[in-house]
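S.K.: Model the placement of chain V on the given structure of chain W, informed by the hints.
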Amino acid sequence: MMKKVIIATVALLLILVSCKDKVYNRFLANSPIYTSFEEFRNSIKLEAPHALTTKGGIYIKDNYLFVTEPNNGVHIIDNSNPSAPNPIGFLKITGNTGIIIKDNYLYANALIDLVVIDVSIISNPKEVGRLKNVFPNTLPLPSYDPNYPIAHIDPSLGIVTGFEVKEVEQDVDDNYSNSYGNQFNIAQNEYVAFVDGGGSSGNTIQSQGISGSITKMTLIDNHIYVMEHYNLMPIDISNPLEPKASTPVSIWRDVETLFAAQNHIFMGTTTGMLIYETSNPNSPTQRSVINHVDACDPVVVQGDYAYVTVRSGTTCAGTFNQLDVIDITDLDTPLLKESFEFTNPHGLGIDGTNLFICDGSAGLKVLDATNPLTCGNQLINTFSDIQATDIIPFNDIAIVIGDHGIYQYDYSDIQNLNLLSTINF
Amino acid sequence: MKTILFGILLLSFCANAQRSEVTLKNGSVVLGKIKTVNDSIVRVTTKDGSIWQYSKDDIKSIERYDYMSSDGKVYSIVSLGHMPGVNTGNSLHIINGYRFNNHWNLGIGVGKETIEYNDYIPLFLHGQYNLLESSTTPFLSVMAGYEMPLNNNAFNKGGFTTGAQIGINHYFSKHVGLTTSVGYRFGYFENEQPNWGIWWPEPVVTIRELNRFEFRFGLVFK
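Protein chains in written order, with the working numbering: chain W, 1 to 425; chain V, 1 to 222.
Bound conformation, chain W alone:
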């Protein structure tokens, strides 16, 4: 009898030694809604044209205007007659915030993937390649309720395509940093820019497109560079059908815009402008930096000068609103030459000697940049009725993005901008 009891006791000890408490939190949170990988990666299609609903980025190539609808896709518009733009269709790409077009291929981010779409026949775009999981931490645009945290995301369950507020239970050991956006990134409105040695300067574009100054994607030769959170992602598109990603480059600043010129990447950050060289295109390295106070700052480059607008407000912090003119003759030592005060300058564009500044509530301002060091004092005209956030000036046509729509102006007579057409949101 005693022997049996001892054996039973020892057996019980061995079984129960593995007992462990379970601890978890229960709370209201933004619970992720998953779409299966298969469904997500078979969802790209051209739909019938529909009205623009939200402000997005703009991109022009040849006679076509591409307008991103953040998180949903791209509107394709025949802009051969800027006075009468004609919608062709809506290219549905779930999770898209920006595009780049080179030759006959459109490269678009789709949440965690980079998609390659053949647009040689613009009315019949086809997906021909996909780089999967190149942006592993990207989430859909804020469709979550900011009054609640984001619950744990399990990437194995599929793609997060939305959120719903509900009660969740979550192990206490879970990494709560992702609930606060530190690990997973909310896809930003991305205005894709490609510049071929200074594309905003009016060069004829045939193989590449052109876009505004507020962008987080850019293209140099056969490499696309994308900002994902604090990482610069180099992607080789030498073979358009099989893009290849390289090791991300950590950028320990909040990068808001990218601009490519002279085989360098000019990054506008909240604390300054960084210049990265791409002699090894798969691994860009920092060449120099010029700091400024905390503020948002798009940047464009033409010749030996970089033009940076610095503004305060919203997420940008800081109190400065100005245009900085930076001498980049020596890329190793960029020098701030001049600063000109503005109201609240946002995006900017330059075409020849005409420098366009979207100056918030003050309207669109056109400056004479013949002498870059005095451009801020050479106001050609102010169009206070044009409330714009970004602009693409090219071949006497300025495409302006405002809060309520996209406007096309003829600036052949710089003193008198002539409104050609409006596409309302």
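Please keep in mind that the hints were generated in silico from the structure rather than gathered at the bench. Hints may be right or wrong, so weigh each one.
Stated by the list, open to error - Derived Cβ-Cβ restraints for the label pairs, each shown as a range:
| # | chain 1 | residue 1 | chain 2 | residue 2 | range |
| --- | --- | --- | --- | --- | --- |
| 1 | W | F425 | V | N87 | 53 to 59 Å |
| 2 | W | K92 | V | F186 | 48 to 54 Å |
| 3 | V | A144 | W | R26 | 31 to 37 Å |
| 4 | W | G158 | V | K157 | 35 to 41 Å |
| 5 | W | D154 | V | K157 | 39 to 45 Å |
| 6 | V | Q193 | W | D385 | 48 to 54 Å |
| 7 | V | Q193 | W | S312 | 55 to 61 Å |
Said to hold, decoys possible - In silico lysine-lysine, DSSO-like type, Cα no more than 27 Å apart, as pairs:
| # | chain 1 | residue 1 | chain 2 | residue 2 |
| --- | --- | --- | --- | --- |
| 8 | V | K25 | W | K3 |
| 9 | W | K20 | V | K157 |
| 10 | W | K22 | V | K157 |
| 11 | W | K3 | V | K112 |
| 12 | W | K20 | V | K112 |
| 13 | W | K45 | W | K3 |
Bear in mind the structure is a predicted one, so any value in this text is a computation, not a measurement. Cβ atoms here follow ideal geometry from the backbone N, Cα and C, with glycine treated the same way.
M.R.: Positioned in the frame of chain W, the structure of chain V alone reads:
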């Protein structure tokens, strides 16, 4: 600590408690170990070491002395418990109840427990089944009740607890014995914080599901 308590368990089980109650025709009762000498003589060794010899003609009856055959209908248990874990739990239980018979007991318990740095007063029902009708017997017991928080540490709301034990009681006298047992304890405890902080003003409830091995030792009375 575990080794020492286990040794006591073995010792208590190994103790020889085979005593007999010899009732003489003259009314006297002698309690001790029996060693029959021959068919007519019975020799009894009492607890103090004395040896008594009786003629079988003088003996009215000889019965095995059973500590369990007490007429008492009340039982009490005072025990200390230990629950190993990342943060160990300790407890003191005091149980009082009714003995239906030598096998079945049912009682109510109270005590004090410390679990994950929080103090509780447990209030619970206790049931026990003794496998044998002898002074040394294995038993099975179960308990279930409420853990009342003793302080408002971290918005502690207390919780529910239940458990089961397998052990051994050994009575070394008619009314007092040792009890040793091992078993499992489950608990469900909630802490509710009113909010995460200034960014998310919604409450969050932290739930601990206790899942522990429990080890108890104490005294049993009847």
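S.K.: Need the list of violated hint numbers for this structure, in ascending order.
M.R.: 3, 5, 7, 8, 11 and 13
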